[in-house]
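In the order they appear, the protein sequences are chains E, X, Z and A. Its first residue numbered 79, the first sequence is counted upward by one per residue in the numbering used here. Its first residue numbered -8, the second sequence is counted upward by one per residue in the numbering used here. Its first residue numbered 898, the third sequence is counted upward by one per residue in the numbering used here. Its first residue numbered 6, the fourth sequence is counted upward by one per residue in the numbering used here.
If you're looking for bench data, these hints aren't it; they were derived computationally from the structure. Backbone N, C-alpha and C define an ideal beta-carbon position, used for all residues, glycine too. Be aware that a few hints might be false.
Simulated restraints on C-beta separations [unchecked claim]:
1) X/R83 / E/D172: 30 to 38 Å
2) Z/E1019 / E/G146: 21 to 29 Å
3) Z/H1020 / A/S330: 16 to 24 Å
4) Z/K974 / X/R116: 53 to 61 Å
With a straight-line Cα cutoff of 25 Å, these simulated PhoX-like cross-link-like pairs (lysine-lysine) come out [as the list claims (entries may be wrong)]:
5) X/K73 / A/K298
6) X/K30 / X/K67
7) Z/K1013 / A/K298
8) Z/K918 / A/K307
9) Z/K901 / E/K413
10) Z/K918 / A/K61
11) X/K108 / A/K37
12) X/K130 / A/K37
13) Z/K918 / Z/K982
14) X/K52 / A/K61
This is what each chain is made of:
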Amino acid sequence: MFSFYDISNSIHQWLSSQMGSTAVMLIEMAIVGVLAISLFAFLGLLLVYMERKVAAFMQLRLGPNRVGWKGTLQTLADTIKLLFKEGFSPDASDKFLFNFAPILVIVVAMLLLAPIPFAKGFQIYDINIGVFYISAVSSIGVIGILMAGWSSNNKYSLLGAMRSGAQIVSYELSAGLSLVVIVAFSGSMSLTQIVQSQADGWWIFKGHIPAMIAFVIFIIAGTAELNRAPFDFAEAESELTAGFHTEYTGMRFAMFFLAEYINMFIMAAVGATLFLGGWMPLHFGNLSGFNHIMDFIPHIVWFMGKTFFLIFVLMWFRWTFPRLRIDQLLTLEWKYLMPISLFNLLLVALVVIKGWHF
Amino acid sequence: MTNEDLKSLITQHVSEAVFEEGQFLNAIVDGSKAFSLLKSIRENPETEFDYLFCQSGVDWKEFFYVVYHLSSKKHKHTLVIKAKITDRVNPRIESVAGIWKTAEMNELEIFDLFGIKFNNHPNLRRLFLDDTWGFPLRKDYTDDVNIVSL
Amino acid sequence: MAIKSLVSGMRLTGYYFTHHKEILTQEYPDNRETLTFGERFRGEVVMPHDENNEHRCTGCTACEIACPNGTIKILTKMEVGEDGKKKKAIEKFVYHLGMCTFCNLCIVACPTDAIKMSHDFEHSVFDRKQLTKVLNKPDSKIVKGVE
Amino acid sequence: MELEQPAISDTGDFTINMGPQHPSTHGVLHLKVTLNGETIKNVEPHLGYIHRSIEKMSEASTYRNFIYLTSRMDYLSAHMNNQACAMVVEKGLQLEIPPRAKVIRMLMSELTRLASHQLWWGALGLDLGAITPYFLGFRDREEILDIFEETCGARLTMNYNVPGGLMYDIHPNFVGKVKTFLKNFEDHLPEYKQLLTGNIIFEERTKGVGILTPEDALSFGCTGAVARGSGISCDVRKWNPYDGYETVQFEEPMETGCDCYSRYVVRIREMEESVKIIEQLIDNIPEGEFQAKTKVVLKVPKGEYYTRVETARGELGVYLVSDGSSNPYRIKYRSPGFSNLAALNTMAKGNKIGDLVAIMATLDLVIPDIDR
């Protein structure tokens, strides 16, 4: 059967037979870098197109339909346009931070790609503290947003950045706690092992109610961390014009835009990996016939299917709900989600100790 | 209150008030006496004009009127007070923004378009036009650039 | 309760996502051929001419008076009719499209139905001078019998 | 760049300019907002970005052709504006318009009100961050605009009223199309409630926000849904019926919450009432003339005339001073948006920026109506 594991292994072996280990590592790093960047660009284009189409269909519109077949090349055309646009920077801005902020944001998004297992054995870096790594690195992104807001020398930007700071600091907690639930269940922080532990069923099914609660909290907190509606305070178009990226144009703006969609992909991928079994096919206890059919679907399809399902849910939220207010957002976190997560963690500890889960 | 009662009430306050019957009862009083009259008919429980539904200026070339259209939600009667201002160079009248809050914005508009200054207005500024502009709703206003006569 | 209200909203958008039939928007430049207008749609003022290059305008300037913006200017000349009498006729019916607000007052005012509103709504031009139009065609004459 | 004064004062207050180009000021409204953190301390409106001095322009026009200008004031209730102006001239001339014209005017007014509220509903959703309502609101609005286009010739600035009645008779398709619209709208109105009214986020955003006490509402001269949301009965159609409104049965929706949510509910219920009025009238359009006979040149006798209509935003008053010539001597439009805007500062103080947007959306401001 077609497998990424075999491909990557055979490449590695072929390279090893040709040259020394340092050169192999360098070449492999280059290959991975090229793959990661092209995945980045491709995902950016795909997700923007998908969002526009989903939005259009929910709003009884056609969506992009001019460039390419059914508008598929529209996002490419937009990218080319953004590349050619002049990148303004305000006179009184802090030039260094202003230029550095979008790069920081996009680098963080790239770093997050490292520990995600796309298919069996197909992973950039199988780090044994993957969950910890993700929750640690993802909070660096907010520094980029704060830098952007501060350096723009615009009060709207500043307000947006401060909102974003408050928001991400708060929601990092419940997002982290809901990840800890799965860590407790599987007993490992490595994403590969978490996926392996779901071979006989996904955690959302195996983990009873605590896993469900953790999943819902993860979706809410994840949406908030992504700065997406209904939690898009950092931008809050109708309140702060464009929030932290009010002053950004051209490719610098495109970087923020791209990072937002990559982060969305990563959020959905982490959610799919931890709660929905990653690339594991859907297995039900003893229906071996059914399980066997499911095995025929390639792992990458399972992974992408789950991820894009979660992305679709996020988009569905965005095109349905009104935005909350900043103080309501913080109330939701500190008064509801946070206590529920803590209590949920306690429950999970009990379940795990007693071995009640499947 | 009927129009007759209103007339006698106003005459008690301002003896030289002139009345005109039309769609509503009109009372023309001098600008200097308008404020006390308006304040008293707002506070008098028998009249209680709590709703200033229109405040405007009219330029009659020799003098200005500041027209207050008043009605009462409770007593359901309507009255029009016209405060007459004869000074064209430096027209002034007391502000009623303390009595009806809607007057604050309306008086800004009247100041902007007629140049009538309101004493004790909380924040008298040009609302629409910049400070160097004339007062366009005055009849003697001319503008060769922006007004194209047909 | 709270979650129920959120789900009901999502059900609506989800319903429209899956039942994608009705389209609200129009693909404008592509559907020029199929665009329909009400017959009273106000595009711009035109003066219909018949096949003999004849119009119905007597030059009475009722439309010029009715126009609130000075959009219409009628230049008249004296013409000698067939019966030898001198008669007023239009030389130029000048229409400044740039000043027109499409209020329809001139059409209503016209006693001889000489002008009407066309359905042409794409008025943008590169040169403002093109917005000043002469509505009567060169050498056109008034239809006989219209006074 | 040297700043003359620090951007943030010692107490932590700072000023931001909302507008004239801002997504949620619905046009060119310019608000100078003093903030402390996210909390609003003061809101000062600066107007004039779309001031065309319609009052001055009207003074130069005749009684027939000043009416079209008022479509450009509150463009969402263009028909009611035109009606108010036509009515003031009719009042001056003591002209009785035919019953057919009255009924058609009422029908058109209610359709305009529906169209305006549909746009308002969509824009409210947009201001609160939900984008889908905008398109659903426009779906129904387009249907009404198509009806207008067929009968009046224009979709927005209709100019369908003339002194003495109407410019044209209704189009033969009018009755059928209105009935189709009513049927569609009955299906669509529950969706409005599904998407916003019951939504927990929406309720959190609007309940208890932007409190306007009844005393303030009256003192600020607020009308329309703004005053009715504070429990003040002010529907001109009830208190001073015009053009036949005394013959139709409808309720004046009132709420006592004094907050954004009350104003929202009032407008939603107003839509239901408008549907009721249309249903009563659509089968009973009397036959006859649609325009009273008038002279070619109208001269309103010397005097002062005041008419009011209930537009989608509140009470529009037209104060006409005539000196007996063929032009108005002075025309004052008492526009509902102007008075409602005055209350913004009182409502917004102490709330957050997000609330300011919600409050402005429920005030339903139309800037050309405020600037004139």
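Restraint check for X/K52 with A/K61, where alpha carbons must lie at most 25 Å apart: Roughly 15 Å separates the two Cα atoms, so the pair holds.
Between Z/H1020 and A/S330, does the C-beta distance stay in 16 to 24 Å? violated (35 Å)
Just tell me: holds or violated, for the beta carbon distance of Z/E1019 and E/G146 against 21 to 29 Å? holds (27 Å)
Is the hinted pair X/K130 and A/K37 satisfied, with a Cα-Cα distance of at most 25 Å? violated (33 Å)
Holds or violated: Z/K918 to A/K61, with C-alpha atoms at most 25 Å apart: violated (50 Å)
Could you grab the alpha-carbon distance between X/K30 and X/K67 and see if it respects the 25 Å cut-off? It holds: about 18 Å lies between the C-alpha atoms, which stays within 25 Å.
Are Z/K918 and A/K307 close enough, with their CA atoms no more than 25 Å apart? violated (60 Å)
Z/K901 and E/K413 were given as a pair; does the straight-line alpha-carbon distance stay at or below 25 Å? holds (20 Å)
Verify the proposed pairing of X/K108 with A/K37, using a straight-line Cα cut of 25 Å. Holds, at roughly 23 Å.
Satisfaction of hint between A/K298 and X/K73, Cα-Cα up to 25 Å: violated (35 Å)
Taking 25 Å as the top limit, are the C-alpha atoms of Z/K918 and Z/K982 close enough? violated (67 Å)
Determine whether the Cβ-Cβ distance between Z/K974 and X/R116 falls within the hinted range of 53 to 61 Å. holds (55 Å)
The structure fails to meet hints 1, 3, 5, 8, 10, 12 and 13 from the earlier list, while all remaining hints are met.
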